[in-house]
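In the order they appear, the protein sequences are chains R and A.
With this note's numbering, letter number 76 in the first sequence gets 76, and the count goes up by one each step, no holes.
With this note's numbering, letter number 192 in the second sequence gets 1192, and the count goes up by one each step, no holes.
Hints may be right or wrong, so weigh each one.
[What the hints assert, rightly or not] Distance ranges between label pairs, derived from CB positions:
1. R:R119 with A:T1216: 20 to 30 Å
2. R:D27 with A:D1088: 27 to 37 Å
3. A:Y1192 with R:E109: 24 to 34 Å
4. R:D124 with A:S1210: 53 to 63 Å
5. A:N1072 with R:D31: 48 to 58 Å
6. A:L1219 with R:S128: 51 to 61 Å
7. A:L1128 with R:A145: 40 to 50 Å
Treat the hints as calculated values from the structure; they're not laboratory data.
Just so you know, even glycine gets a beta-carbon here, dropped at the ideal spot from N, CA and C.
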Amino acid sequence: MTMGKKTRVLSGASLEAYFRRILRAVDLSDDQRNEIVRQLRGEIALLRVRKGAHAGSDEDGVTASSLANILDAPVASEFDPFTPNIIVVLRQGGSDAALAALATIESAEDLHTLAREQRLHIDDDLSSIAAIRLAIVTAAERRVANRMAAAT
Amino acid sequence: MPQFLAVSNRKGGVGKSTLSVMLAHAFAAWSGLRVLVMDLDTQCNVSLMLLGGEDWQRACQRGRTISDYFYNRFDKVAEDESAYVLNDVGDVAHSRAKWLAAFRPAPGRVSLLPGSQQLEDIQGELLLKHSKKDLDADAVAVQIRARMKRLMRHFGMDADLVVLDCPPGLSLAALAALDLADHVLVPFRPDYVAQFALDRVAMLVERVSSAEQLATIPLEQRRYSCLPNCWTGDGHERLLIDQLALDHPLLSTRIPALSSIARAFDWDETKKTMEAKYKDALPHLRALHNELAGEAGRLAKTA
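Assemble the whole structure, with the sequences as input and the hints as a guide.
In structure tokens:
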């Protein structure tokens, strides 16, 4: 799938984070919010399965077992833009440790997502994986320095 | 001696007054303690939550507020201060804890030293009045702060727990409260500016002037703990909490953003149970009570 800069498909964890952000404005208990997020994930999964069924077979629709598999699939298998917490890794282990933690993420798109979600400003035009990782660590160092400067 | 618990954050709108009242109710209801709430905030929200507008206005007219107390007693030997305290305030009916019945005849209760919109003016007047005797403004401020601390401590004689609801900012009364407190609870909303607010209040409480000095004090020896309030649990908040936990002692309790908490403080004269007042916020309040009761126990041992 080709994606431009302005539009992109959110992965499972990003999607869940997006729903939670939206639902924060609504008066809900934690349980209610969790249930709505779960239902929304299910609905999105259902749409994806239907789309896949249209594209790949004559079957129109989805079986209960395939939907259950999607709903029960652990979110951890999706990219989580909040992990690793780059500032925590940086402060505990230095920039080498932060770079090493980022080395586990091999997609430029995921690295950009991580930077955006962790509020680490990097240039949107960066495309080299190594350059993105370095820019993320530099942005994290700036964040830490910024906070230390304020704490006087 | 009572325990003094200050609820403080220089940043406004983080839930200091709401949590002060919630904790007062919790410790009176579940620990059977005699809790005195001292309203040090010129917004007087704690007073309005516990008294309603009319009774608070009457206390002001009768000269029975915190600013009257400071002004009238500043140069005098402390006397019986009970005239300034309003007992059994609030709309929660407290029953005696069964396990305490054998040791203490009275059930838990919430009392209030009402707040005043004049408190900042009074502090200014005291500064001016005493500056005539001493030209060093800093020294005068220190003296006034120390005297306020003594006057506040005197109030604790008839209480097991004194909750000091501090104002945002750094008034002399707020600084005196931070000096006096056995423990400081720092509520915060988990957003970008929270980290700066926590750093600053932490340095005040621990009496250091930089993040480097603060870092030399082990987290378990700090005199404060931080409480995430209006918690939604989204990824950004979790990121921030992990970062803050490197520098500050965080409570494991999180108070979610619940409309039941906001609605619990609509003024109502009808006494009710904790369950009826706090509804789905009750488990969170109980968790906070239990965790702070543990903190207080730890503090008492180390004192």
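Here is how each hint holds up against the structure:
Separation of R119 of chain R from T1216 of chain A is about 29 Å and conforms to the stated range, judged on CB atoms against 20 to 30 Å. One distance hint, 27 to 37 Å for the beta-carbon pair D27 of chain R and D1088 of chain A, holds here, with the actual separation near 32 Å. In this structure the supplied range 24 to 34 Å holds for Y1192 of chain A paired with E109 of chain R, their Cβ-Cβ distance being about 25 Å. Our hint of 53 to 63 Å for D124 of chain R and S1210 of chain A is violated, since their Cβ atoms are close to 36 Å apart.
Remark: the range hint 48 to 58 Å for N1072 of chain A to D31 of chain R is upheld by a beta-carbon distance near 51 Å. Between L1219 of chain A and S128 of chain R the beta carbons are some 40 Å apart, a value that contradicts the proposed interval 51 to 61 Å. Distance hint for L1128 of chain A and A145 of chain R: a CB-CB separation of about 42 Å, consistent with the stated range 40 to 50 Å.
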